[in-house]
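Hey, can you work out the whole structure from these sequences and the hints?
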Amino acid sequence: ACGTTDTGGSAGGDEGGADCNFKIAAMGALSGPNASIVVPSVDGAQLALDQWDGGDCEVTLERFDTEGDPAKATPVATQIAGDESFIGVIGGAFSGETRATKTIYQDGGIPMISQSATATDLTQDDPVEVFHRLVPYDDYQGAAIAKYLLDEVGATKVFVVDNSEAYGEPLADRVEETLGDSMVARDKTEVGQTDFAPTISKMETAEPDAIMYGGYIAEAAPLLKQIRDAGIDAPFIGGDGLYGADFGNAVGEAGEGAVVMCPCAPIEGDSTFAADFEEAYGGAPGAYAAEGFDAMTIFLKALEDGARTRAEVQEFVSGYTGDGLSKSIAFDENGDVPQDQVSYWAYKNEGGTLTPEVEVKPEG
Amino acid sequence: MSEQTHAESSTDTDVVLEDTSNHDQIAIETSGEVGEVLLELDHVTLRFGGVVALNDVNFQIRRGEILGLIGPNGAGKTTAFNAMTGVYTPTEGAIRFKGKEIAGIKPHTINHLGIARTFQNIRLFPEMSAMENVMVGCDARHKTSVVGVLFRTYRVRPSEEELPESGIRRSLAKVFGISRHTLEERAGRRRSMELLRFVGIADRAHELARNLPYGYQRRLEIARALATEPELICLDEPAAGFNPAEKEDLMGLIRRIRDLGHTVLVIEHDMKLVLGVTDRIVVLEFGQKIAEGSPEEVARNPKVIAAYLGEPDDAA
Amino acid sequence: MDFDALISGLDRHTLDGITRGSIYALVALGYTMVYGVMKLINFAHSEVFMVGTWTVLGVYTVLGVTAGAGIGMVIAATLLALLAAMLASAGTALAVERIAYRPLRKKGAPPLIFLITGIGCSLVLVEIFGQVLRVVFGRPFGRVTVNIPSVLETKTVFTIPGLDLAVSNTRILIIVGAIVMMLALDTFVNKSRLGRGVRAVAQDADTASLMGVNRERVIMLVFVLGGAMAGVAALLYTVQYDITKFDIGFIIGLKAFTAAVLGGIGNLRGALVGGLFLGIVEVYASAIWDSSWTNVYAFVVLVVILMFRPTGLLGESLGKARA
Amino acid sequence: MLLEMKDAVLSYGKIEALHGISVQVKEGEVVSLIGANGAGKTSTMRALSGVRGLSAGSVTFNGEDVTKLRADQRLRKGLVLCPEGRGIFPGMTVTENLNMGAYTRKDKAAIEEDYDRVFDLFPRLLERKKQIAGTMSGGEQQMLAIGRALMSRPKLLMLDEPSMGLAPMLIQQIFDIITEISQQGTTILVVEQNAKQALTRSDRAYVLETGNIVKTGTGAELLDDPSVREAYLGVA
Amino acid sequence: MSQITDAYRGLKLGERWDHAPKPVRWFVMLLVVAFAFYLPYLNILPFAYIRTDLTSSGSDWASVLFLIVVYMIVAVGLNVVIGLAGLLDLGYVGFYALGAYSIALFGSTNSPVVEAMQSKFGLSEEWAVPFVVCIPIAITMSLIAGVFLGAPTLRLRGDYLAIVTLGFGEIIRITARNLDGVTNGAAGITQVPVPPGPESDGRAFFNTIDAERWYWLALAILILIIFLARRLENSRVGRAWLAIREDEDAASVMGVAGFKFKLWAFAIGATLGGLAGLLFGSKQQYVEPNAFMVQLSFLFVAMVVIGGSGNIYGALTGAFLLTYLPERFRDLVDWRPFAFGVALVLVMILRPQGLVPSRRRAREFDDRREEAKEAAADV
Ligand SMILES: Nc1ncnc2c1ncn2[C@@H]1O[C@H](COP(=O)(O)OP(=O)(O)OP(=O)(O)O)[C@@H](O)[C@H]1O
Ligand SMILES: Nc1ncnc2c1ncn2[C@@H]1O[C@H](COP(=O)(O)OP(=O)(O)OP(=O)(O)O)[C@@H](O)[C@H]1O
Ligand SMILES: CC(C)C[C@H](N)C(=O)O
Ligand SMILES: [Mg+2]
Ligand SMILES: [Mg+2]
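Protein chains in written order, with this note's numbering: chain S, 1 to 364; chain W, 1 to 316; chain Y, 1 to 323; chain Z, 1 to 236; chain B, 1 to 379.
Hints listed in this document are in silico derivations from the structure and should not be mistaken for laboratory results. Hints may contain errors.
[Unchecked claim] Using 30 Å as the maximum straight-line C-alpha spacing, the simulated DSSO-like pairs for lysine-lysine come out as follows:
1) B/K22 to W/K174
2) S/K157 to S/K348
3) Y/K106 to Z/K68
4) Z/K14 to Y/K39
5) Y/K107 to Z/K14
No experiment lies behind these values; they were computed from the predicted model shown.
Following this line, the structure appears as structure tokens:
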């Protein structure tokens, strides 16, 4: 609601007077079961802000919890878009909420940089001007997983399972596409499912030499356990939906050796970023922390560059080039980073932690 | 519940059993001749698994009479009611109402054809007021359904007495008519109140049915059944739980019901009442008709005495 | 669509279905008993089950047992976990009854109020494990999936000759366990005096009290028994699936309730039949199509069955008074 | 004094149904309670049996204050009500219903005897042992309710309109039964509309009018009382 | 004069309202409505504290108001089904989803259905069914769904119906998720059309930012709906529902066509649910299956019950509180669901008749409470 919410203290009061007093919003699942794949990235952004010497500028990061739910994200987005003191958005973290809110941000003319929303259609099917992201889209991730399966595992009979969701299903579709004849069977499951007996018995019939799962941790853990319980020991690989510390915890011993693909390069344990992050948040940087850091950095650079309005910031972001922590960044007209800039890493679950195994470069 | 917000409620207080109602408003129009066959059970058999509740039963009810249906416990009297009102479908045989076959028809349709009843185990709408219970009965004859209620679409030209008194509304009503819903609602309220008076429980019209004493509940059931303007009304043990004085009153009530134009079928175990009020009696035993005739004939029938009445010392 | 997959693996799918269904059935008992007596859907029952699974985890953690422990230890730990889960679940059920339902009963609240209160309780219990305990104790509590050590390792005990169907120890435990518990409960309710009291209260609480039945005791008993059955289900569940989660009860609860209705709510044997039936239908459907359509088929089957048998497969055990 | 109710007040919400009535029943007596519709007879029975609590007054049974006891606790002490409108368990069979009557009893052999006694009294019940009670005719249900009450071997049996819905022959029989069990040593309190029968058979009676006791005396006295005759016996 | 005030003092608020002269009642109602329209601009302290955008990370006040009104429409509809007709519907979200999906499927250029129509009839890529045409489509679709679901299942009693309706809600959601070729599956449909209106600042009149316009639109619709729904209660129809709720068999024998009236209740409920879904989808301009989980159905039922089922104003209150409070207390972050659960239980225990029960229900409840209390006085 433009012009209606500028009193009652909503905008922190004094934005009219000060020259460079802005807010940046981070929107994502900050609570709920998926928080562990989102919170580190927002922490990363906060770290970038804390380390910034803004001179005259005073910038704050406001966190908006959407629980990753598109329906809950829209009022949040309307609020952000309607409050002129916000000049940028970090997020959405998930593809679904991003899809639901990007028109709102477009209407509000406020630039967004997503640290982790990977669904292909966000930029490829109906791109909006304000949307940018620091991660490659899932067409590549699917290809990367397929490539890993073919080259590293040498699989010829892959069993592909997905969770029927906006993220897992297209990812699995893409894997299937790239694998071609090397896929033996495909099955679909549901979010919230815990008994995978029908899928397992299909696996027993198919006798795959590798298994791919498109989905999130909650279902991956019981699925993998039941696979191992049934005595199937084919290698298991999933996408970035499993890229969180919780995966190892949940799956236990059965998860030993499971592989997680992520469009995120490993952060060296002895890098300054890792050290700073550790100091600030008491743990190694988690999922997409570097991307969150980079997103914030771009916004801050825009302010340094003299951008003071949303339009100026938007212009700056779209034209931005520079090296980030995660990759070297330049957005194309759809808001994507050049796909040759990205690399995928296969992480292997060893004793509960994900350790980088090998880099995979998919062909587009 | 002492809230008497509605105007009608406080009109009569102590006159309970006396009929102060306006009979013009509650009498029904009947379409046939007194004495013609109104309802006919034609070789009706009804079985529940092994139990034969009705076994080849034949009898007729004639318009304008008060027919008694008696018999030992479990003889099949209530079952006959259930078959006549659509609750059960006979296994064999036909039931004809005004010449039309009604076996197997839904209860509410049968009600619309003109049969209403009361229940042996009282079945009122316990959380509705007495008045509302009767209104539900009146609604059976009303036409307005959801669309009419929502949009007041169906409008009728009001008669002089239906027109509002005051100026603007009166002229508006003259031009646009009054919705059928409004008129029906008004008529229903008036009629319900009259009926409550008629059965003698108007003093507690706005109380929830569940809070009424047993006797009131019985009478309320009768009022509710009458509200549906039935040509045939079936009373299942209306005097159960009444003391002799009350039974006496009930007899009067039953006669007055007939005088309104209804035909009455009554199940009752109280012989004094049955003999005193009915024109004719049908006796069932073990699902079979064992006798039929005038009260005097039946009372003298040895079969009936053996099966039902017992030694004729003090049956009341 | 792949009917061949169903036919060729019919034995296997049936076994899977029975396994899944046994757990539904055990949980369904809790719904059915409470419903039978109080005409109320105890929405918090799914969480009674959830508490049971956490209790199993707790016992294993305290005992320090892990996969590969000695046979004696395994048996002891499993029995102890069973007992603890039954106690904890029964306790939770009783607590819900006492804290939430009882005050409502005293005030004579209508059934829908119980329903919403149940939903509230369910949310509270879920959040106790998802949030409150996490804040107090940290992991493993929280809104994530948690690993439970597979103390009882899955081993094939025998292979059904001719069918080439391997039957594992865990399956035997689940199926036999569920059926034994069911039979015990059924016998108790139908044969014992207290059981008769339960049925009497179910049909007419006032008259039951005139027969000397203590209504409050019966209600407590029903919650405790239903809870204990959910506890058994919880143990069997963890034996088979080795995980738990703060909101794990939701879907199982929903399915169990469906099973109870399918079998005829208020009817104990109905819960067993409904549970097994639902489990088998689900697994068959997933075999023919895939698991993403499972619920659609399950509910369609439910509707079709209720069309022909409006009070479930076995009907309500409480007869209806007639006109 | 086996049962004594003192100054009992019972209300339903805002309606007061009993305005402080006192009733006494001595061991071995047959006492009846008569009165018009809504006089409060059923309310009195409810209060005595404990289905309803009193807002004032007390109930003592067998010398013990039972005012604060629940219905099931009173039953265990031998105070048994056969409620108005039957109140059978509609989903149970005839046998199971009878069984419920013996719910608190442990004496297996005696229970078996009582079965036979009830079936003797009501052969219809024996015929229909397996029938679901809810599907029985009104009168059959009434027999079942009485039979079931007998199964609890009460010290004091309270019957609320036991003859309601029964055929004339059976009414006779019911009253014979009342006399018989009274002779066997059970004390009886009965509410009846069939005032003539009730008064004839009872030692003492109370007349209730709108929540107050207006008359009391022996059965014979009240039978002769002109006002009672007019109001309750239908004889002017 | 003093006599009048004396007479007033003894009365409860509701009764006072009944006794107030008609002009007074009209005036008060007008004020309430005017205030409701003014709400998005409410900025006068301390009243402005009710706004949801005061705290950091708060959400847009007008958007929240819009959502509240949409849920109020839902609650009014569900109140007809649950509160008046006494049918427990645990799958109401299905109708809500249908409303949202119908407008998306026919009105969005992104929808496979529209794409199929485009190619079949050789229409331009910009073409889609116009918004105004989508409304009757959405309403008809939900109405048909209501009848379609109701016709075979309404014969079921009580809780059997509950589980079947719950299943219906799930079937709608899962079908929407799985039928990729028709609904875009889990990805959902974007570019859902908005009501037509003059453009300003290069944006459509009904755009995603100016939420107060949506709020006013929804509010106007809500007021109309309340006006109509009120008519049902004290009518032949309302009585029929009540009678069915009390004793269906007896009602039938008294001439109440039970099935017909139940079906009507379902159809009315379905239509209102669909309408609410339509507003929601259109405002979001995006529809996806996950927005329609079963839990939402429970929330809807909770709204009706918490407010006091059977009373429109109760349902409105319930919808308001259950939507508003979680938004107002966003600061609680991780504690929100817990707080919500505790609040739900507490409210029910403390006020089991609902917050604003209908007078009938309040009376019923008083009686029952007396009964329960007295029977248990001795424990
Ligand atoms: N649904 C049913 N299932 C089985 N038996 C039934 C059913 N309904 C009635 N019966 C049996 O049919 C017989 C006739 O019952 P009905 O209720 O018609 O008797 P009645 O003549 O009304 O007796 P009463 O005077 O005691 O009310 C009874 O023996 C009863 O047990
Ligand atoms: N559950 C109830 N709630 C409210 N009022 C009640 C309730 N039950 C009875 N009453 C009222 O209490 C008074 C006494 O009723 P009660 O049933 O004791 O009378 P009764 O003498 O048994 O009459 P009947 O001969 O009709 O059985 C009546 O005015 C009745 O309306
Ligand atoms: C945080 C990530 C797991 C999010 C995921 N890539 C998505 O698009 O939904
Ligand atoms: Mg009968
Ligand atoms: Mg009485």
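To see whether the hints hold, each was checked on the structure:
{"no.": "1", "hint": "B/K22 to W/K174", "verdict": "23 Å, holds"}
{"no.": "2", "hint": "S/K157 to S/K348", "verdict": "21 Å, holds"}
{"no.": "3", "hint": "Y/K106 to Z/K68", "verdict": "16 Å, holds"}
{"no.": "4", "hint": "Z/K14 to Y/K39", "verdict": "28 Å, holds"}
{"no.": "5", "hint": "Y/K107 to Z/K14", "verdict": "16 Å, holds"}
The structure is consistent with each of the numbered hints, conforming to all of them.
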